[in-house]
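Trainee: Read off the chains here:
There are 2 protein chains.
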Amino acid sequence: MTSMPPPEITLRRVAIVGTGLIGTSIAMAASRAGATVTGWDLDPVVLATAAAHSGLGLAASLEAAVADADLVVVATPIAAVAASVTAVLRLAPTALVTDAASVKTAVIDNVRAAVGPEDLARFVPGHPMGGSERSGPEHASASVVDGIVWVLAPTDETDLVRIDALEAWVEGLGARVVRLDPERHDRLVAMVSHLPQVASTSLMGVAATEEADEPDILLLAAGGFRDLTRLAASNPGLWSDILVANRRQVASAIDLFVERLGALREQILGEDTAAVESVFDAAKGARLGLATKPTVRSGVAVWQIEIPDEPGALARITAVVGEGGVNIEDLQIVHSPEGGRGTVHLTVAAPTSDAAGDVLRRAGYDPTRLA
Amino acid sequence: MTSMPPPEITLRRVAIVGTGLIGTSIAMAASRAGATVTGWDLDPVVLATAAAHSGLGLAASLEAAVADADLVVVATPIAAVAASVTAVLRLAPTALVTDAASVKTAVIDNVRAAVGPEDLARFVPGHPMGGSERSGPEHASASVVDGIVWVLAPTDETDLVRIDALEAWVEGLGARVVRLDPERHDRLVAMVSHLPQVASTSLMGVAATEEADEPDILLLAAGGFRDLTRLAASNPGLWSDILVANRRQVASAIDLFVERLGALREQILGEDTAAVESVFDAAKGARLGLATKPTVRSGVAVWQIEIPDEPGALARITAVVGEGGVNIEDLQIVHSPEGGRGTVHLTVAAPTSDAAGDVLRRAGYDPTRLA
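For the record, the sequence lines run as chains A and B. Going by my numbering, the first sequence opens with residue 1, and the numbers climb by one from there. Going by my numbering, the second sequence opens with residue 1, and the numbers climb by one from there.
I should point out that these hints are in silico values taken from the structure, not numbers from a laboratory. Mixed in with the good hints there might be a few duds.
Chain copies aren't distinguished; within one or between two, either way the pair holds.
The list that follows gives simulated cross-link-like pairs (lysine to any residue, SDA-like), each with its CA atoms no further than 20 Å apart [said to hold, decoys possible]:
(1) Lys284 x Asp227
(2) Lys284 x Glu183
(3) Lys284 x Leu238
(4) Lys284 x Thr352
(5) Lys284 x Gly223
(6) Lys284 x Val161
(7) Lys284 x Ala83
(8) Lys284 x Glu138
(9) Lys284 x Ser135
(10) Lys284 x Glu259
(11) Lys284 x Pro215
(12) Lys284 x Thr273
(13) Lys284 x Ala208
(14) Lys284 x Ala168
(15) Lys284 x Leu256
(16) Lys284 x Arg176
(17) Lys284 x Gln304
(18) Lys284 x Pro236
(19) Lys284 x Leu219
(20) Lys284 x Gly237
(21) Lys284 x Asp272
(22) Lys284 x Ala233
(23) Lys284 x Ala212
(24) Lys284 x Ala274
Bear in mind the structure is a predicted one, so any value in this text is a computation, not a measurement.
Sequences and hints are given; from them, build the entire structure.
Mentor: Here it is, written out as structure tokens:
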């Protein structure tokens, strides 16, 4: 007598609720991986554009979209996510439901307040940390998902088998899963994503307010100011919703930042040059260390290569790598703070790392693998 | 009877004191404009490197360098500028003396305390707002000066004829003169240069401290975090001197920033989404306006180009540009705060900008000039 295999969760029929850039990109990655994908969006124009761009099946209603789904991915705007997840859990009583919101505890708390424990067990909160500066389904691409960090932030109530099933499915799309406690996820993104946004906007605010009295101020704004205020041009509606949804963690991150600014202020005013220098030294060390770490788009390898500073030098490197059939994921000309030039950081997908190293060495370069 | 022409100040024999990147770059721009240039540096290796790289005349001593000069440009490290200016005013009793320090009132106060009013009248404080992330005379170039904002910050005691003469000379080098009261200069650079540096270092400090407990934190750090912390890798010794020299203005700028962070914090914690959105709206408008202003890190042009995400795509771009004889100064694959791919920012020397745009368009790209 043979024992029965454990019940398997198959995630072949997928519904996407909210077909903006990220929803449609996930739809396209899922299709590529062999899933049958149906989409729905509150805005019929967005839905029609998504269907035309991606080939996903166009549902007539939310009910129709999720009726037969094994997996429903909710990718609606943050303010609507909890309500969408709740509705889907009710409409599709056996489906695994996940979301793509960039804040987790607020969504989970609202869903928990609205559904019973059996439904809550089927909800696996997620955060695919990809995207694009563009928005809208017309800019979606399966490649948006390639190699990104895709956080799964299950609750105590989440069914373990479903977490494993979703993790396998997400990795099948080409993303890298990182499991984090929801609180911890929210704390970490508050520091490395939400605080930079707040800092950038506030810095731009200081300069813009002064500009009324000092029309020359922005004339003096150099590259550093531009780097720091680039984020200030982000979507205000999107960001106000995210920050309010993650308000406690964002407030704590601001507090840590303000504390540090205050300490540095006192050292500067106290003419304690040595203390200021040591703060800068520590930050410099950490920032140089960051350059050697993979970005959010993990599953990558970083090679450091020295090149001569002359026309065509970069062309030779990229040609060598391209002819080797390796796709360059990212490339940065790195200037050390002490000067120097002609050091390139070349990022490639991890599986092609050895190939990249080989073709570079064969072409006479001496690449060093950083990450 | 004809009237005598007014006495003219000619600035043809130029001495550079401190031949690092900025001093040597000014020397090269001055040579290009027809001046005879002599250099001196406390460090004989730096001086020899500057002479070999730029062709400036190598003086045996500070005295010899400035003896016959019409104009002396002091480009020593900030902590040494006031003493250098004072020494030069004494050694060259008729020369016009200017400096290149990024903080003005501290330098002026120290010079004023050390010299008499006749000498003070010959000192025209300046701040060429160019430079490079590189340092050292071997990276100097006349193009560092091209199109930059060069602040002149005269005092009440400065001789007006000499201000005009220096302004004409600076514009003859290809820079753009902005006259500012020294206090006002220090206030404005505190906000658009020194505060961004402090903010970047403090943000990196927050993340680095948390990293000890949260090793995943930097894994979640996307492009926005990298943008905001790039400055944190700057030279600690240089920056601690600058910040302490401009300490009162820097402290005020930090206060304005912290006040704004605090207000935003309260709006976020108070769930005032509309207020947060309006703060973000204002900052976004100001940031988009900034994109239309010339950048201080002049001498360069930035082109944005969309590229397909496939092996060889970057190779084609760099090959096209290299074959056009244009040297790529910097190249970045730009990822939005949420990720994204396939947009390249290509930085080239300003004089080669049109050539770069032309070769890219001829090769079928649709480049957009950003700066």
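Trainee: The structure should be examined with respect to each hint, and the outcome stated for every one.
Mentor: Hint by hint, here is what the structure shows:
For the identical chains of this complex, Lys284 and Asp227 are neighbours both inside a copy (17 Å) and across copies (14 Å), given an alpha-carbon limit of 20 Å. Within a single copy, Lys284 and Glu183 get their C-alpha atoms no closer than 29 Å, and across copies no closer than 30 Å, so neither meets the 20 Å cut-off. With identical chains, the CA atoms of Lys284 and Leu238 are at most 20 Å apart between copies only, with a shortest distance of 13 Å across copies and 32 Å within one. With identical chains, the CA atoms of Lys284 and Thr352 are never at most 20 Å apart, being 31 Å at best within one copy and 33 Å at best between copies.
In this assembly of identical chains, Lys284 and Gly223 lie within 20 Å of each other by CA distance both inside one copy and across copies; the values are 18 Å within and 17 Å between. Taking the closest pair of Cα atoms, Lys284 and Val161 never come within 20 Å of each other, the shortest separation being 43 Å inside a single copy and 44 Å across copies. With identical chains, the CA atoms of Lys284 and Ala83 are never at most 20 Å apart, being 44 Å at best within one copy and 30 Å at best between copies. For the homomeric pair Lys284 and Glu138, neither the shortest alpha-carbon distance inside one copy (39 Å) nor that between copies (24 Å) is at most 20 Å.
For the homomeric pair Lys284 and Ser135, the shortest alpha-carbon distance between copies (17 Å) is at most 20 Å, but the shortest distance inside one copy (33 Å) is not. Within a single copy, Lys284 and Glu259 get their C-alpha atoms as close as 19 Å, which meets the 20 Å cut-off; across copies the closest is 26 Å, which misses it. Taking CA atoms no more than 20 Å apart as the test, Lys284 paired with Pro215 passes between copies only; the shortest distance there is 18 Å, against 33 Å inside one copy. Within a single copy, Lys284 and Thr273 get their C-alpha atoms as close as 16 Å, which meets the 20 Å cut-off; across copies the closest is 35 Å, which misses it.
Taking identical chains as interchangeable, the C-alpha atoms of Lys284 and Ala208 lie at most 20 Å apart only when they sit on different chains, with a minimum of 10 Å there against 28 Å within one chain. Proximity of Lys284 to Ala168 under the C-alpha cut-off of 20 Å is found in neither arrangement, the shortest distances being 37 Å within a copy and 40 Å between copies. In this homomeric assembly, Lys284 and Leu256 come within 20 Å of each other (Cα to Cα) only inside a single copy, at 19 Å, whereas the closest approach across copies is 25 Å. For a Cα distance limit of 20 Å, the shortest separation of Lys284 from Arg176 qualifies neither inside one copy, at 28 Å, nor across copies, at 32 Å.
In this assembly of identical chains, Lys284 and Gln304 lie within 20 Å of each other by CA distance solely inside one copy; the values are 19 Å within and 29 Å between copies. In this assembly of identical chains, the alpha carbons of Lys284 and Pro236 lie at most 20 Å apart only when taken from different copies (8 Å versus 31 Å within one copy). Proximity of Lys284 to Leu219 under the C-alpha cut-off of 20 Å is restricted to the inter-copy arrangement: shortest distance 18 Å between copies versus 27 Å within a copy. In the homo-oligomer, the alpha carbons of Lys284 and Gly237 lie at most 20 Å apart only across protomers (11 Å), although the nearest pairing inside one protomer, at 34 Å, exceeds that limit.
In the homo-oligomer, the alpha carbons of Lys284 and Asp272 lie at most 20 Å apart inside one protomer (18 Å), although the nearest pairing across protomers, at 36 Å, exceeds that limit. Proximity of Lys284 to Ala233 under the C-alpha cut-off of 20 Å is restricted to the inter-copy arrangement: shortest distance 4 Å between copies versus 26 Å within a copy. In this assembly of identical chains, the alpha carbons of Lys284 and Ala212 lie at most 20 Å apart only when taken from different copies (16 Å versus 34 Å within one copy). Taking the closest pair of Cα atoms, Lys284 and Ala274 come within 20 Å of each other only inside a single copy of the chain (15 Å); across copies the shortest separation is 37 Å, beyond that limit.
The structure does not agree with the numbered hints 2, 4, 6, 7, 8, 14 and 16 stated previously, though it agrees with the rest.
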